[in-house]
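Quick mapping for you: the protein sequence lines, in order, are chains S and A.
FYI, in the working numbering the residues of the first sequence are 62 to 177.
FYI, in the working numbering the residues of the second sequence are 59 to 171.
Hints should not be assumed to be uniformly reliable.
[What the hints assert, rightly or not] Listing some non-contacts, in silico: residues in chain S with all C-beta distances to chain A over 12 Å:
1. T74
2. K76
3. E105
4. T113
5. A116
6. S134
7. S156
8. G158
9. S163
10. E165
11. R173
[Stated by the list, open to error] The following label-pair restraints were derived from C-beta to C-beta distances:
12. G146(S) to L97(A): 24 to 32 Å
13. G146(S) to K163(A): 36 to 44 Å
14. T110(A) to E132(S): 36 to 44 Å
[Stated by the list, open to error] Partial list, derived from the structure: chain S residues whose beta carbon lies under 8 Å from chain A:
15. E75
16. Y79
17. F106
18. F126
19. A149
20. L152
21. Q166
22. G171
Rather than coming from a laboratory, the hints here were simulated on the basis of the structure.
Quick reminder that beta carbons are idealized off the backbone N, C-alpha and C, glycines included.
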Amino acid sequence: GAGVSQTPSNKVTEKGKYVELRCDPISGHTALYWYRQSLGQGPEFLIYFQGTGAADDSGLPNDRFFAVRPEGSVSTLKIQRTERGDSAVYLCASSLGPASGSYEQYFGPGTRLTVT
Amino acid sequence: DAKTTQPNSMESNEEEPVHLPCNHSTISGTDYIHWYRQLPSQGPEYVIHGLTSNVNNRMASLAIAEDRKSSTLILHRATLRDAAVYYCILRDRGGGSNYKLTFGKGTLLTVNP
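Please construct the entire structure, taking both the sequences and the accompanying hints into account.
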């Protein structure tokens, strides 16, 4: 079946611009995560959704970052006034959620964001 | 989150077994041990997880020390496609519904033909 998809695969933007990154999770997965990965580092947690609500946004670095999941499936990560330090690969993952007893997270291929 | 320590890199030859170590001396009784791997230019991929007993699946085996302060991921016959960064992660079983993963830098496994 289809895995997690992310669009665009690459995004180049100028400093100060606004960007949106999209994640399509696996159908039926209620849990959705966003992570950010800088070069040479492991992924870093940003935000977790259970259904439509953001259950944990403790990893968002500042108020320029915001994410939504209005219908409990597709999610959009929004970054305002981008800075060069925001350049990274943004990864999305989904899982079946706590009721299933399954812990496995399925990751998408990521969106490589470059801020010039 | 409890911390894990892994070697920065390891090398193996194709068709040979690989043992990837992980130390987690501050592990708590409610922490699961998870392994993920990340192939070049891809997102991480789940490999295996365990709590106390050794675990086997189609990809690998996980050997957990009796005191749970260390574990070893075993690839029984390495292939070139196993070249990746391998992450050992502790996840709190009692963390409610949030199964967020805390990644370290992992071990870069190189497989020689």
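Going through the hints against the structure:
| no. | hint | result |
| --- | --- | --- |
| 1 | T74 | holds (21 Å) |
| 2 | K76 | holds (25 Å) |
| 3 | E105 | violated (7 Å) |
| 4 | T113 | holds (14 Å) |
| 5 | A116 | violated (6 Å) |
| 6 | S134 | holds (18 Å) |
| 7 | S156 | violated (7 Å) |
| 8 | G158 | violated (7 Å) |
| 9 | S163 | violated (9 Å) |
| 10 | E165 | violated (4 Å) |
| 11 | R173 | violated (9 Å) |
| 12 | G146(S) to L97(A): 24 to 32 Å | holds (26 Å) |
| 13 | G146(S) to K163(A): 36 to 44 Å | violated (19 Å) |
| 14 | T110(A) to E132(S): 36 to 44 Å | holds (40 Å) |
| 15 | E75 | violated (25 Å) |
| 16 | Y79 | violated (25 Å) |
| 17 | F106 | holds (5 Å) |
| 18 | F126 | violated (16 Å) |
| 19 | A149 | violated (13 Å) |
| 20 | L152 | holds (5 Å) |
| 21 | Q166 | holds (7 Å) |
| 22 | G171 | holds (6 Å) |
Going down the numbered hints, you'll see the structure goes against 3, 5, 7, 8, 9, 10, 11, 13, 15, 16, 18 and 19, while the others check out.
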